[in-house]
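> Sequence:
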Amino acid sequence: MKMIVLRYLLLVLGCVIVPDNMWGFELVSTSTPLTVYHSQNEADVVHTAVNLFIDDMEAVSGQLPVKTDLLKNARLLIGTLGQESSFDRYLSDWNIPTEDIAGKWEAFKIKVVERKGVQYLLVLGSDARGTAYGVLELSRIMGVSPWYWWADVSIEKRKSCVLPVGYENVQSPSVQFRGFFINDEDWGLVPWSTKNFDPQPHTTLGTKTYEKVFELLLRLRANTLWPAMHGCSTPFYFIDGAREMADKYGIVMGTSHCEPLMRNTNGEWDKTRREAYNYVTNKEEVQTFWMERLNELKHSENIYTIGMRGVHDGKMQGTGSLDEQTQVLSQVIADQRTLLTQSLETDITRIPQAFMPYKEVLDIYNNGLKVPEDVTIVWCDDNYGYITRLNDKEEQKRKGGAGIYYHISYFGKPHDYLWLYSTQPALIYKEMRQAWDYGVRKLWILNVGDIKPAEYGIEFFLDMAWNINSICSNTISEHMTQWLNREFGKSLAGPLTKVLEEYFHLAGIRKPEFMGWSKVQEYQKAKRKGGMTEVQDSEFNPFMFGDELQSRVDCYETMVQSVLACAEQLPLSRKDAYFELVQYPVLAASAMNRKHLYAQKARLFATYYYPAANEYARKSREAYNEIAALTRTYNKDIQNGKWDGMMDMAPRKLPVFEAPLLPDEVKRNHLLPAEIWMDGHIGPLVPDRVTELPLWSLGRDTELLFSLFSRGNRKIDWKVIEQPVWLDIIEKERDLLYEKTLALKVKEEKVQLLKNTKQKFRLQVDGQTYDFNISFARLPDGVKAETRGMIAWNASDYNGEPDAQIIKGLGHSQSAVLLPKGKTLTYEVYTASSGNAVLRTALLPGHAVNGGHLRYSVSVDELPSQIVAYDAVIGTGEWKSNVLRGQTLKETFFQLDTPGRHIIRIKALDNDVVIDQLMLDFDVERKFYQFPVR
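The sequence shown: position 262 = 262 (the UniProt record's numbering), numbered continuously.
Okay, the calculated beta carbon distance ranges per label pair: (1) 752 x 692: 19 to 29 Å; (2) 641 x 551: 31 to 41 Å; (3) 692 x 636: 54 to 64 Å; (4) 745 x 692: 17 to 27 Å; (5) 551 x 801: 26 to 36 Å; (6) 826 x 399: 41 to 51 Å; (7) 641 x 323: 52 to 62 Å; (8) 73 x 99: 21 to 31 Å; (9) 324 x 51: 53 to 63 Å; (10) 801 x 899: 26 to 36 Å.
Honestly, the hints are just simulated from the structure, not real lab data. Note that CB positions come from ideal geometry on N, CA and C, so glycine has one too.
Start from the sequences and build out the full structure, keeping to the hints where you can.
Right under this line is the structure:
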């Protein structure tokens, strides 16, 4: 048991620093160079990994390891099983068991062995890539981040690193092929590479750039790349040395859903010479086009995409009806397999092939398209992180297995998200774990856009692909903490985990790119190119739930202050990495929210001629300028301009990224008194009228906000002229001249003594009088109880212990509940009101991955259950709203005849029902965006 615990600690901490090496193998030493053996007969990828490790060792210890061709002279022995007989004899003579990795795919074993009082370290691989991963595991143990180059995580010096006697580390991948897709590279990777890192005469991602990509993949234990394929990029196989570089790093090349048989149709099809890319009318030329590439790749390791779409991301040409598309695609696949057999001269079932039912191709597949059993079917998400289809029971038996193509970056409708990485890690976990459980274990590919903004998301995804059990529903946060510990140290890992959890929480509620409430490809509704609609007001309500807009801004501001405070504690060597991985995304997202939300306030208040509009307009402009300044720092200052061109603050120049849309300056009118606007109202209050305040739930409500708006230069004069003993009204501190915020607070100990639960008070503002009635409700303690006409709660706050899974970090609640089919969640609530009520149920957007629908039933007390289907068809307005919001919102209506205790039950009628939040509301027309619960 002690050795198991020690092994776990070593895996987490890397190695142990000790004063001498009497009890283990000294991996790092500042005095004695490490002697290293590996056979010259090893594959290129092993040589590459060893050379990377040697560079890492020199950077860590200051000592350059010494290579030796003699096994007896080495202390670090590296080898692939079956590669060299003399090495295998050594293992046999030393009685080193290899059954735990022999015959496995890409497995490795690291073991400390003692021979005649001397410690040796063995790195064994079941195959060449397994050996390479084992070698680079040593770099991880020494503390070298896979992002040392791509995110400038400096390699720290170490005096010692010892692996104890008996240390053993055996690993193998959960998913066979793992990697990412460089996509939408027009605004980051291409301009950075071609103008800065690897200048080229044309927009070419050169071999120098691809080498850095391949190294990153190797260090992340990935083995597959779909290369960049937009029109701005020279096709991969046109780049001198690119294919050979992939072989050097052991990377398997593949291509996306619209690039069959390794051809970048978008960049390589010459319409002038070849005419239409149409299999119906131009079959011979299309086949010639494919065969040319196959003949070039006879000796390469590739996964061949089969099927056919349009030249780029469009439908196959030359077909009409769905049945015709199905018939033609069936013939395409049959002919492609013939071409593969002819060119590669091997059994077709031994050639890795992938078919992707992406977008319209899924309809063709569901229409009865027959895909050969040995082909891997690569399922897809809906571009926003929600998987659309997975294997049914028969498909799980397929010899070719299944894969997944998943997005954390996307260009397209309803709106791009290419700027910042902000997909909740918990969403990646939930979707990919589900895919694994459905047998999707052959190929995992992640669309990463330009790589750079998505560093953590990439590693999270690939860590799951390498070891599916390394992350579970309640350890997502721990994974982040370990990552931050490696990059920035133990003392900051905890505080920064809280920061990034909140960053992903707020982005799950609304991504920074979606804050303009605009859309793309709305061709019937927009005049701009690309069907871009204009920025409009958000659904956040400044006069609901204590000002939804300001609450969101304040959450970001809290994060910003934490980020800046942590930055002060970092050594200079890690500040650039910190800016790239933490500071830029958090501060830029904060500024984007302030830009839009303050502009919304400015536009609203300008319609009432409040000078506060001018102040909010200034704040909005400052936020826009802040994004520009942060982006300039990223491009020009970090690493002395290393990343110049990588960060674009306005990819595709969408309206959301433009300078804020602001009203004309409001002129002050010194003769007009200030006006008062109360939370929950749709406009300013009228003086000399009685206003009924929302029901105040004792022990739950904390404050009710009033905003006072000056219309001139004079100071706002306010006071309570009838001050009940139970009332406090205080002025909250704000940095505004023309708006004051008052908070009504109740002295609950005084209210408890009142016999009449309906009370009055009077407020005077600039000589004008406002009368208010307020009613108090005394509901049971420790229960969900009505406040201000509604009750809101997270789905995870259920009664009892049903067979349900809470996924930490998922949804608006950050604790969404995966409810198995047939299981029920029960909630006990108390109301002070009765009558018509709406139950708003917020669920995770999703799709019925095996057909049918996603449904749940809901009932209140003994009222009849209502059945609700909530999966939305991709492309519809409902689906667009869902993926932009990160929630599906459904309403069911009930008549509650009496106040008091009520029981709400929600039952899953299908698999994969994920419930996020609920709200029982007696104001069925309430306008808000975010459920008022954390």
